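Peer 1: Sequence:
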Amino acid sequence: MEIKAYKNGFFIENNKYFDPYKTFDCGQCFRFKKTEKGIIGVAFGRVITIEEEKSGCYIYGNSSLGFDVIKSFLDCENKYDEIEEFLKNDEIMAPALSFGCGIRILKQEFFETLISFIISQQNNIPRITKTVEKFSELFGDKIEYKGEIFHTFPRAEQLKDITVFDLEPLRCGYRASYIIDAIEKVLSGEIDFSSLKSMDYITAKNRLLTIKGVGSKVADCICLFSLGQFSAFPTDTWIKKAMQQLYSVPEKEILQKSQTLFGEYSGIAQQFLFYYLRYNKKVHKS
DNA sequence: TCCCAGGACTACT
DNA sequence: AGTAGTCCTGGG
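In the numbering used here, the protein residues as written are 1 to 286.
Fair warning: there could be bad hints in the mix.
What the hints assert, rightly or not - Restricting the straight-line Cα-Cα distance to at most 30 Å, the calculated cross-link-like pairs of lysine-lysine (DSS-like) are:
#1 79 x 185
#2 212 x 257
#3 134 x 197
#4 37 x 79
Stated by the list, open to error - FRET-style restraints, in silico, Cβ to Cβ:
#5 160 x 130: 23 to 31 Å
#6 162 x 81: 26 to 34 Å
#7 127 x 89: 18 to 26 Å
Honestly, the hints are just simulated from the structure, not real lab data. Note that the coordinates shown come from a computational prediction; the quantities given were computed from them, not determined experimentally. Beta carbons: idealized from backbone N, C-alpha and C, even for Gly.
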């Protein structure tokens, strides 16, 4: 997908394989919201807006955005037309692909993804959003943009010496101690983004599993949404039900089956399935 | 009041 | 090795 520098921002010409609303509303990120014109939120320490016009999308930041950063964030390199075409060979997936066409996998900041998806367990999206927002308010940097206050998601260094007590305002319950463990492991270098990025999917996932509160599902979310591991197939309760009912796969074989069905694009298939299920709650009863 | 929500841990067999 | 119970919290 082509992205061009335009004034002090960027422009993406109308493209059926980039729908900002679907992309930011398919559950992969928690810090963007709808506006009248498009989407606004915080990532990479900046306020980012995406506004849809007749000819395409304009992307701006409160301060200048690196071309490479935004290109990577929106996963401009991958060819979603080809990927979707490939996944459409599976007739069960086909309707989900048509329905969700335009979803892209965001490549998000590692630390934010790690903490956000720890918070996400046994939780619902509105509350996850609130908790992540509160976390940023408490520990991140304040940004004022067009009369509105935003907060960056804190870097690990900004969270030195915090305890579960400091997280009490989050009201995130037992997850607080998990967050503390994650912060400690990142600060000690035990969990290190650049080394994780250099690992293959399975090795990276296993390393992530050493963090308390990070199980298979959360680890897969981190692999997919921040490490660019598209083989990852986050299996939450919805996906579990769908795989059991649509593909008649026993629970234990879901991950394996995803690899044979979708291979290196498992993560993309997962997002389309998830988006489809959330809006067509057919496969909801056990 | 009880039950559950985009899981994971712990303590049992 | 595999699996129930349990865990914080807020909304229905």
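Peer 1: Which numbered hints does this structure break?
Peer 2: 1, 6, 7
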